[in-house]
Amino acid sequence: MTEPLLRLDRINTFYGAVQAHFDLSLEVGRGRIVCLLGGNASGKSTTMKVILGLVSPRSGTVTLDGAEISGLPTHRIIRAGVGSVPEARRIFPLMTVRENLTMGAYVRSDRRAIAEDLARMLELFPRVAERLDQRAGTLSGGEQQMVAMARALMGRPRLICMDEPTMGLSPLFVDRVLELIAEINRQGVTIFMVEQNANLALQIAHEGYVLQTGRIVLQGSAALLRDDPRIREAYLGGPIAA
Amino acid sequence: MSSFIDYTVNGLVIGNIYALLAVGLALIFGVSNLINFAHGSVYTIGAYIGWAAITFLHTPLPVTMAIVFVACALVGMAIERIGLRPLQGSARIAPLLATIGISFVLDQVVQLVFSASPRALPNDLPDWRIDIGGGSIGALDLLIAGVGVGAAALLFVFLRFTKLGFAVRATAQDREAALQMGVNVNAVNSTVFAIASALGGISGLLVGMYYNHIDPAMSFQATLKGIVAQVIGGVGNVPGAIVGSLLLGLIESYGIALLGTTYRNLFAFVLLILFLIWMPNGLFGGRSAPQSEPLTGAFIAPSKPLRLPRWALWAMTGAAFALPLVFGAPYLLQTLTNAWLAAMLALSLTLMAGTAGQISFGHAGLLAIGAYASALLTVDLNAPTWLTIPAAGLITSALGTLLIFPAFRLRGHTIAIATLAIGEVVSLVILNWESLTRGAMGVTGIPPLSIFGHEIYAPREVYWLCLAIVVALALVQTRLLTSHFGRTLRAIRDDDVAARSYGIRLDRYKALAFAFGGFGAGVSGAITAHLYSYINHQTFDSQVSLLALTMVILGGMGNVVGAILGAIVLAGLPELFRLTAEYRILIYGIVLLLLIRFRPQGLMGTL
Amino acid sequence: MSMLLEIKGLTRRFGGVTAVKDFDLAVAEGELVSLIGPNGAGKTTSFNLISGLDRPDAGTIVFGGQSIGGMAPEAIAALGLARTFQHGRVFGNLSVEDNVLVGAHTRLSAVRPRWPVIGPLGELALALLRPRAVKQEEQALRAETRDILALFGDRLIPRLDHPAYSLSYANRRRVEIARALALKPRILLLDEPTAGMNPTETGEMQALIAALKSSGLTILLIEHKLDMVMALSDRVCVLDNGAKIAEGAPQDVRRDPAVIEAYLGHSGIGQARPQPEPVA
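Protein chains in written order, with this note's numbering: chain A, 474 to 715; chain B, 1257 to 1863; chain C, 35 to 314.
Chain A extracted, bound-state conformation (with noise of 0.2 Å):
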């Protein structure tokens, strides 16, 4: 079997006294789209500051393509080919578009590479391109999603890890962003997304997990979730008459 490109191992993590995850195990295959799913404070985000080194756990691993990540500087984390979606987008706010592109291959020296990856980005993102020596802080919420996931893939990352990309969104943007989540990933790009949105996320998705109050409850892949009544319980609560 091969070793999957993202796996978290038995993930213990502490707020002061409250735990945020109970053992929390999952697994990104290389070149799949996984989504980790859950209603409010169920630990979604953790998971992914876990992931990138901004919060440490208590116990447990996160290797990346078979090296141990946890533990690593977020930098260093960043460097080893992961790239950052972060929740509520987080672009630098007094830079313009370009240049937030430009932070995003911070990582990168191969200066004509970036050149043509900059011109990639503006092809597969057309409305950023409309925007390029705009400050990125005076865009809609939708462009500046774009904008993030543009920085993210400056990097040239083997695994994007994305924190509610459609959070905040029009529902026409949020279809928007997922179609272009697909299409990043037919490219080659590994993705882990953190959403809320599960009806959506699990359009796109090959798999997913269901995350309630830090734990596991629910896993497979998105075609067999899709349907399953118990996602909506997670979210809802109790069994719903019908």
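Bear in mind the hints are in silico, worked out from the structure with no lab data behind them. For glycine and all other residues, C-beta sits at the position ideal for the given N, C-alpha and C.
Calculated pairs, BS3-like style, for lysine-lysine (alpha carbon to alpha carbon, straight line, at most 30 Å):
no., chain 1, residue 1, chain 2, residue 2
1, B, K1560, C, K169
2, B, K1419, A, K522
3, C, K218, C, K169
Short, incomplete list of chain A residues facing chain B, as computed with Cβ under 10 Å:
no., residue
4, V555
5, R562
6, L567
7, A621
Chain A is already provided as a structure; the job is to place chains B and C on it using the hints.
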């Protein structure tokens, strides 16, 4: 007309020097959210290294500047390593206090190495001046302007076009997002400290050449000026810092032309306070206000306070009263008397900073008010000291509360800056209000303490009097803390948002705490005035304020017994070991640094 | 039915983002109304606007017949509105007892005389001298504090003197609620009271809230555990993207397709509804 041009040139030159300082402070604040109080120390070090290079190595100016640049960059990196990096994740005020500790240490090291006496810093520039429209510009003026403009241009290129410059800007805009781009934020911080400190050092060198005078005391004023310039331009804003500096330089220069040199700093600090209150984001602070976060609240490290049994406290009090009967050495008693006087100040500060969470970096201003009140009442009106001392306490309480009141609405770093400025303003008003305070001459011939005609002269009597006041103040403060009032203050400190949501009016309780604390500080200042028989505007300087803060942190914020203990340890022990002033302050700095790093809850624990 | 709290057209913008838009809500005396919705829907912002921690850009808030929109939080608290916070904001260095006593701050009268001008100094003097009336008031409040803490069984009573920072997360949430009850509120705003609690603790909290409700207390509740919301609420109001998308009886709201979509997303890419429409 000619003089107007001269004043303009002078203002711009000084403005350029401030800009070199302020730009560094702005860069540091940008990436690390820290106001670096050790910045002025780097400036002083730059001046002294330049002096040493010129005097001993006879280096030409470009070489001197290069040496200063590199040496100060290294000092800056060391400051980041000691003052910032180990304290990431602790309360936001911790690195700020650490830089204060570092500045104590650096300033004293400079004094110990180069002595406290001023030096002349010669320059080998040609002696010509160009006449323009009645005024004139000299070679040094042009050099300073050139360095200022050149540094700004280089900085622009660095930030705009280099990879590291991008990382600096990204870190300043969103630290966590920068991390997720693979930026090593620690390395960025270190770089920024290096650049900022190098510029600060050059600034010190240039100012030394400009006035042909350097002395170790220049450090603190430089930090303050840099901060003022930055607040005018918008904290953390690099172009704003440059404009703010030039503006400050010009305003000072014109102000001096109109009113005289003693007003120079008054302008700066009044401007600072006005900006903090009405325009806290500065002229160019387009960015939304920095996240408001209680600054001391978080520093109250959760800890189990050490509770001494009541009988032990009374036994120690009894022993303290009995001490003069056993050991009569005047030196010992005078030293401990100083400790009691410091304890009064520390009690006042621990109530404000510790219990109410309203940190004050200008507490010495209260001593000065109390001292002048009692001194002038006795000297000018012949009032008896038993009346003037409590009166001084009340005057300090009222005046101090009035002065600090506008600062109550400030939060975060601005409150630290504002209280510092208020302390400076008190001293500068004393300096300039000659008809009342006798200005720079100070007040002489202040009569000794007396109660109902009985003069208290003997060291033991003074000792007993001060000890009795400390005990009384401590008892009253303890009683206050056990009331609803103490509970309310501590609630404000722990979480002012929650406190407001439960009906607590912050202004009212902070003002009451300050009024209460002001009394003790005023009494302490008043007694000091009568013991010294001479005071001037510098008797109670900002170093006293910072020392008081160190005592309070050492004892444990908000802890009454801790405050007294802190005063004994820091005011008493160094004296008993007969350390000279330089070593004493060095020790204060080291104590402060160690406490912040290893025992933020102090000796007795926070309450 | 007389409305204790009436909100009309409430709007709050942060930069370009409208966190709450044109929000209407009315809560009657003795009612328990829940506010639900996905992350970022504007629930906590609404609480902040109602309790005075934030100022609305538009809209009115009337509490007990008095307009409180834009009033200071301390003044709103004095009118009898108590709230808890999403992430729990206890006074960490204060004991459990003191935390609750701070909740009774607006009710202090003997030690806080309403003397003009010298009132604050009078308060300082009374705190020091503590005449009989002041002592009695303090004692009465302490007795009451114990009664409130007893509502939580033996969770808090044995920890009366413990500083709040030493408590478990669940216990801190309980202290917050006890503090709110000490204000004797006319309306209680609870922001995710069971966040971070395990099922047993959640059950206890649910029973407590039910008891408070049956004692006649008016409650506005933000909660993610929808089982609990359904069991407790008289009415449920659903927010999404700052706007109200549904309101009604718990079972109806839960079957509402708009609500399901707000939580789970629409079921196919390209099938997006144009915008969440405010309920008429």
